[in-house]
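Undergrad: Single-letter residue listing:
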Amino acid sequence: MSNAITVENLSKCYSLAGTAAPAYGTLRDTMAEAARRLIKREPASQAKPAEAFWALRDVSFNVNEGDVVGVVGRNGAGKSTLLKVLSRITAPTEGLARIRGRVGSLLEVGTGFHPELSGRENIFFNGAILGLRKHEIRARFDEIVDFAGIADFLDIPIKRYSSGMKMRLAFSVAAHLEPEIMIVDEVLAVGDAEFQKKCLGKMKDISSGGRTVLFVSHSMESVTSLCSRCILLDRGQVRKEGTPSEVILEYLGGDGEFSGCADFSSQGKMVGDDHVQLLYGEITDASGKAALEIDIRKPLTVRMGFRVKRRSDNRLVPNFHFVVPGGAYAFVSTPDVPATLAPGDYEASCNIPGDFLNDGSYFVGLAMTSYGQGQTVHFFEQSALTFNVRDPLEGSVGRHGYVNVMPGVVRPRLMWAIKEAR
Amino acid sequence: MPVHEPAEVVIRASADYTFRHDIADLWANRDIAWTLALREIQVRYKQSLIGIAWALLQPVLTTAIFTFVFSYLARIPTDGIPYPVFVFSGLLMWQYFSRVVGDAAGSLVKNEAIITKVFFPRLILPLASTVAAAVEFFIALVVLVAVMLLYGMVPSPLIVLVPLVVVAAGLLGYGIGLVLSPLNAIYRDIGIALPFFIQIAMYLTPVIYPITFVPAQYQWLYALNPAATLIDTMRAIVVGAAWPGFLNYALLILWTVGFLTLGLRVFRKLEPAIVDRI
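For the record, the sequence lines run as chains A and B.
Heads up: the first sequence begins at 1 in our numbering, then just goes up one per residue.
Heads up: the second sequence begins at 1 in our numbering, then just goes up one per residue.
Worth flagging that the hints you see were computed from the coordinates, not collected in a lab.
Check the hints yourself; a few may be wrong.
To be verified - Only pairs whose alpha carbons sit at most 16 Å apart, straight line, appear in this in silico EDC-like list of lysine to aspartate or glutamate:
1) A:K202 x A:E143
2) B:K46 x A:D155
3) A:K202 x A:E394
4) A:K198 x A:E65
5) A:K204 x A:E65
6) B:K46 x A:E394
7) B:K110 x A:E116
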């Protein structure tokens, strides 16, 4: 498979002085500066390096043809700058990028629309600046209008459109260009649920047609659902590259190391006390393999290995804490029957059925409590494990074609009945 | 699928462009230039009551005023050509040329919203202004013919050469616009100062007076003014005035080639900075 996009050591530096007052430069300043240099015989100053801001620094990655790649990161991480450089709107300061194929980019709602012109006129104009010939636009015209759902408003000026209508039209034009590479920046944040569904569907079509999609999103759910690969940008640099689940968990988890399994026995510091020690934790899928990403329809098992070091009559209660990004608790689970255990190594496991958790990321805290004379917490390792639940959007509980975010920390399959009322 | 897109594009800090590459770029994107030009015209007269009629009204009213001031009051002789016809024919060409320079110089700033969001060759933008101004020129040309008929003058068949003059004026204006538009994007001073300089330039150009009105020892200076050559050519073609000399044309070509060469260099040099500093 060949590379659609190759990025090599790409850097983009903005001069803060250039955007702020002094060097935003009137001609007068520049000429005064030139005159001053001429009089003092100074060489042309490359000075003022202090005010540089590197929006991208040494970014390198490849995107294969046909991949859908999500770019995630905090505000100011350089996501939009990266897309701007790749769609040739602004030039990089250093490094290079190779792009194979025609690029259609949609960086902002209403890109290039002129408010005074009608929807019809803007379709032709927008199509032309995105690289289509007139007859090509004409051939796709009905499809574009139909997809955007603006047939009744074709001949009124765009300035009277709602932002949703503008957004639908912009996406529709860009998507119907049939670009080989589509670059989309966070446009799905606007628009109603129905249109988001159409957009996601269209992006899926584009990718399944062997074309490449690069998109920025803050919706981790849609990144997980759509992307085959993911890039995490942090302060202008690539912090992680890999499967969506790996990258999203890294992103949500902050600076620590997160994974579907964690070994606590070989660490320098023992986790636990003189009674019970934590050995390991693990997330496994239905086949028993360690997993970071779980299909929403499939069960998973959380396992915790621990060592009982001395005899005691206290009943041990292992407990798992399920926390969603942001810190809210999904739930805590403990076994039905606590056990009094002789010294030795044990594994506690908890099975979570398919069609129970919602899609998204979960952090699992591993803890051991015992009750004798009062309550003793032997260890509580917060966010010891992480996993990401992936919703394929088709065939999962509750969707029936709905593609927007399903709210809630769980999405269980429950018993329903629909009967004719008597 | 358009076939003009190259198979692989390399994005880097600064690219080397050749003249041939620039021309190919412009030609490949002529649809965009035309669409942008149409849009410029559409937008200009949108939500105006009489619409495109403004393109006719402006030179007509200006001609009326100039006729009153310079013919009725100042009695400037015009070599036997009725003053309204004389001034209208010159004014048309001058308005076209100055509009090309002004609009091309402002084209990047005006289209900031597009160039910061979509990629297409930026060289197109000043060109679109040139084309838009040409469309208005030809609309107003109809009025010139009407005014001539009113004064009992029949336009000479040479009028078919007018498009050539328009192309020549357009190329020169485009060259100047290429120099000014990226500078204007970075230093807005250009946009502020330009109308003033265009005003001065009009008086240095034989628009409202014929060159023969100027003392003979200074007339040769007008060969240095390419706009004067363009306007006199226009008058020679349409109303049968005297043709400019060979030297004038040589200098016109020199100016045009010079500005286009300089313009392409300046434009390409400043292009990477435009989006970040506009």
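Undergrad: All hints, please: hold or fail.
TA: Checked hints:
1. A:K202 x A:E143: holds (13 Å)
2. B:K46 x A:D155: holds (13 Å)
3. A:K202 x A:E394: holds (15 Å)
4. A:K198 x A:E65: violated (23 Å)
5. A:K204 x A:E65: holds (14 Å)
6. B:K46 x A:E394: violated (48 Å)
7. B:K110 x A:E116: holds (14 Å)
The structure does not agree with the numbered hints 4 and 6 stated previously, though it agrees with the rest.
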